[in-house]
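Visitor: The residues making up each chain are set out below.
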Amino acid sequence: MSTLTEAEAPPPLAPAPTTAKPPRKRGRWTPYLLLAPGLMWLLVFFAMPMVYQASTSVQTGSLEEGYKVTWHFATYWDALSEYYPQFLRSVLYAGSATILCLLLGYPLAYLIAFRAGRWRNLILILVIAPFFTSFLIRTLAWKTILSDGGPVVGALNSLHVLDVTSWLGLTAGDRVLATPLAVVCGLTYNFLPFMILPLYTSLERIDGRLHEAAGDLYARPFTTFRKVTFPLSMPGVVSGTLLTFIPASGDYVNAELLGSTNTQMIGNVIQSQFLRILDYPTAAALSFILMAAILLMVTVYIRKSGTEDLV
Amino acid sequence: MTFVNWLKRHLVVIAGLLTLGYLLLPNVVVTVFSFNQPKGRFNYEWQTFSTDAWTDPCGVADLCGSLALSLQLAAWATLGATVLGTLIAFALVRYRFRARGAVNSLIFLPMAMPEVVMAASLLTLFLNLGTQLGFWTILIAHIMFCLSFVVVAVKARVMSMDPRLEEAARDLYAGPVQTFVRVTLPIAAPGIAAGALLAFALSFDDFIITNFNAGATVTFPMFVWGSAQRGTPVQINAIGTAMFLVAVLVVVAGMVIGNRRKRQKA
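Protein chains in written order, with our numbering: chain H, 1 to 311; chain L, 1 to 266.
Chain L with its partners taken away, still in its complex shape:
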C-alpha cells in the first residue's frame, strides 16, 4: 500500500522524468556512437570502441568545410535578423503608427507557416528572377525566418521596461543618443541577446529552407542529410556531441556568472 501511495504522490515526477529520458536518449546514442568503429558505411550498429572520430574530426572530405560554412551563415544571419528585428520591436512597443494589425500579421505569419511552404515559395521567387542559388540565397532565407523570432524576444523585454528610467536620463541632460546607448540598450540587452541566440540556433540547424534554396552549396545539416544516403561518418556524431557539450557549458557558465552578479548586487 505504501508503495502505491508513494507512486500516486510522485506520478507526475516519474512521468516527467520518463519524458526527459525520451528527450535525452538520442543524445546518449549519438555520444556513445561517436566512439564506434562501424564495419560498413553506416554508423547504426555498435562494433568496437575507437576514438578515431575525436582525434580526427575533419577526416571526412567536405565535413569541416560545411561546418565552417554553417557557422559563417549563422553568424551573418544572426547579425542581420537581430538588427532588423530589434528595430521592429522598438517601433512596435514605443510608437503609434498606421496598419499595426497588418504589420503584426506580417511578423506572425512566418512563424505560423510550415517551413516547406516558405522554402518552396522562396525558391519560386528565385527561379522566376533567375537568381543564382548559393550562399546569398541561403543567407536571405535565414534572415527572413529568424527575423520574427527576434522581434518576439526583444519585444517582450522592451515591453517590460520602465519608461521612467529613460525620462530620468533625459532629465539629467542625456541626449537622445546618450539615453539610448547608456540606458535603453543595456536594459534591452538580455532580450536582444536571447533573440540573437535563438536566431543563431535556428539558422545553424536549419535544413528544410536551406535544402530548397542552397543550390550546390552544402551546409552542415545538408552534409548530414546527404550522408544519410551515402553513409554516415562517425565524425558527425563527434561534432554533434561536441556542440551539445559546448552549449551546456556556455549556458551553465552564463548562469553562474549571472548568479554571482546578483549576489554582488544584493
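Excised from the complex, chain H in its bound form:
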C-alpha cells in the first residue's frame, strides 16, 4: 500500500523530511524472494520426484533396454494383488503400534505435564535424549532384550503370556524375536517420543483451574479426565497418532531387524524392489499406492477429528 501512495503522489519539489517516509518499504516482491529458494528446493526435490515416480510406475521395459512410458496401468493391479498381505500387515502393525503408543505415552505425557514438578525438565530430556543414539543401534538393542532364552522371554514364558500370544499368532513357540510381536514392540518403541511430545504440548496448555473446577463440581478424578482433560488434549492426540502412524506404516527397519520374512511390511517390499531386484515400475507403483493411501487416510482422519492447525 505504501508503494501505491508513493506512485500516485506527485513528485516532491524538495526532498521530503525523513520522518514523513513510510516506516519501512514492504516491497510487493519481498515475500516471493524469501519463499523462492526454499520452495524451489521442495518443488524440484519433493514435488517433481512424485511426478517422476508416477511416470515410472506406468513404464515398461527392462534395465538393459531402458524403460518407456506405455501407460501400463496393469502394474498397479499386479503389484496390489501380489503384495496386498504386506500392505495389510503395514496397516495392522502401524495401527497396533499407534494404539500402544497412545496407551503408553499418555500417562507419561500426563505425568510430565501435571505431576512431575521440578523433575519436569529432567524427564523431558530423558524422553528426547535417546534420539541422539542412532535409532538403528537402539533397535539392535531390542535383539538383545528379546533374545531367545533371555530374561524377558523367560518371564513372559513363565507367566504363560507367550502361550496366549502364540495362540493369537503374535509369537511362535518360545520365541519373541522374528515374530509380529517383536516388530510391533520395536515400532512402538521407535515412535513413542513422537506421541509423547505433542500430547505433552497440548496437556501443558490446559489451565489447572479447570481440574479444580471439575473437582468442585463433584466430578471424580476419572470423570474429570474423561470430560475435561482428554477432550482438551485432542489436538495432541490427533497430531501424535499421525506422527506415529505415518512413519510406522512406511518403516522397514524394524521388520527387517526384529522380524522375519513372514513379518515383511510394504516398506521392505519397496526397498527390495528398488535396491535389490531393480524392478522400478513395480516399486514406483507400490510407493505411489502407499502415498495415496496415507494421504487419503490422513485427510479423512483430520476431517473427522476436526482439527485444522496441525503445523
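Hints listed in this document are in silico derivations from the structure and should not be mistaken for laboratory results. Incorrect hints may have been included.
Unchecked claim - Here are the simulated SDA-like cross-link-like pairs (lysine to any residue), alpha carbons at most 25 angstroms apart as the crow flies: (1) H:K304 x H:L197; (2) L:K265 x L:D162; (3) H:K304 x H:L88; (4) L:K8 x H:F225; (5) L:K265 x L:E166; (6) L:K262 x L:E166; (7) H:K68 x H:A54; (8) H:K68 x H:V44; (9) L:K262 x H:R118; (10) L:K8 x H:A54; (11) L:K8 x H:F114; (12) L:K39 x L:D56; (13) L:K39 x H:P151; (14) L:K39 x H:L257; (15) H:K227 x H:T201; (16) L:K8 x H:R226; (17) H:K227 x L:E166; (18) H:K304 x H:T201; (19) L:K8 x H:V228; (20) L:K8 x H:G117; (21) L:K8 x H:P151; (22) L:K265 x H:W119; (23) L:K39 x H:G154.
Claimed, not checked - A few chain L residues facing chain H, derived, Cβ under 10 angstroms: (24) V13; (25) W46; (26) L123; (27) I140; (28) I143; (29) W225.
Note that the coordinates shown come from a computational prediction; the quantities given were computed from them, not determined experimentally. Note that beta-carbon positions come from the ideal geometry of N, C-alpha and C, so glycine has one too.
Using the hints provided, position chain L relative to the given structure of chain H.
Guide: This is chain L only, laid out in the frame that chain H set:
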C-alpha cells in the same frame, strides 16, 4: 487398603515411569554392551567385561570415516535447511502473498509422507536424470526433508514476536538491516536454534532416505545397518553411548546457563 489407595492415587505416575523405563531400556542395554567382549561377530550376548571399544573407538575399518561423513553431512544439511526454512517462515508470518494455501501444503506434505515414499520418488528422479549418487544426492535429500521442520520451529517463534519492538527500533532511526540484525534476529534466535538442532538430529540419524540415495557412500547409520548383517562391532555401542551422554550434557548445560541468565535479569 492403604496400599490400594496409594496405588490408585499414584497410578498415573507409576504407568508414566514404566513407559519412561521402556524408552530408556535400550539405551541401558547399549551402554552395558559397550563394555562387552563378544565371542562371535555379533554383540548380542553378554560375555566378559572389556573396555576395548572405549579405548579404541576407531578400531573397526570405515567406522570413524562414516561417522565423520555423517557429521559433515548433518552440518551442511543443517545450514542449508535452516537458511531456507527461516526465510520461508518469515515470509509466511510477515507477508501477504498469493497461493498461501498451496505454499502451506507444499511445506506440510513432506512431514505427512512416509520416508520410504520420499526416498523412492527422489531416487526415480535421480535415476531418470542419470545423476551420480553420493554425497551431493544425500545432502539434497537431507535439506529437503529437514526444511519443513525448520519452518515449523521458526514460524512458531516469529509468530509470538511483538511487532512493536521492530517499530520501536525504526522509530529510533534504525535502518531495515540494523533493525533486522539487532532486534528481529536476536528475538527469533531461539526458534532458529531449535529448528537447526532438529535438522541436525534428523539429518545425522536419517537412514531410510539415505539408504535409497547414497549409492556406494556409507554414512554412520548405513554403517550400522550393514553391520547388522555382517557383524556388529562393540565400537558402535560406545559411539552411541557417547552421543547420548554428549546430548544430555549439552542440554543440561544449556538449561543451567539459561536459568542463570534469567536469574541475573530478575
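Visitor: Now, for every hint given, state plainly whether the structure supports it.
Guide: Do the hints match the structure? See the list:
no.: 1; hint: H:K304 x H:L197; verdict: holds (22 angstroms)
no.: 2; hint: L:K265 x L:D162; verdict: holds (20 angstroms)
no.: 3; hint: H:K304 x H:L88; verdict: holds (23 angstroms)
no.: 4; hint: L:K8 x H:F225; verdict: holds (14 angstroms)
no.: 5; hint: L:K265 x L:E166; verdict: holds (22 angstroms)
no.: 6; hint: L:K262 x L:E166; verdict: holds (23 angstroms)
no.: 7; hint: H:K68 x H:A54; verdict: holds (13 angstroms)
no.: 8; hint: H:K68 x H:V44; verdict: holds (22 angstroms)
no.: 9; hint: L:K262 x H:R118; verdict: holds (17 angstroms)
no.: 10; hint: L:K8 x H:A54; verdict: violated (55 angstroms)
no.: 11; hint: L:K8 x H:F114; verdict: holds (16 angstroms)
no.: 12; hint: L:K39 x L:D56; verdict: holds (18 angstroms)
no.: 13; hint: L:K39 x H:P151; verdict: holds (20 angstroms)
no.: 14; hint: L:K39 x H:L257; verdict: holds (21 angstroms)
no.: 15; hint: H:K227 x H:T201; verdict: holds (19 angstroms)
no.: 16; hint: L:K8 x H:R226; verdict: holds (16 angstroms)
no.: 17; hint: H:K227 x L:E166; verdict: violated (43 angstroms)
no.: 18; hint: H:K304 x H:T201; verdict: holds (22 angstroms)
no.: 19; hint: L:K8 x H:V228; verdict: holds (19 angstroms)
no.: 20; hint: L:K8 x H:G117; verdict: holds (19 angstroms)
no.: 21; hint: L:K8 x H:P151; verdict: violated (29 angstroms)
no.: 22; hint: L:K265 x H:W119; verdict: holds (24 angstroms)
no.: 23; hint: L:K39 x H:G154; verdict: holds (23 angstroms)
no.: 24; hint: V13; verdict: holds (6 angstroms)
no.: 25; hint: W46; verdict: holds (8 angstroms)
no.: 26; hint: L123; verdict: holds (6 angstroms)
no.: 27; hint: I140; verdict: holds (6 angstroms)
no.: 28; hint: I143; verdict: holds (6 angstroms)
no.: 29; hint: W225; verdict: holds (6 angstroms)
Hint compliance for this structure: hints 10, 17, 21 are broken, all remaining hints hold.
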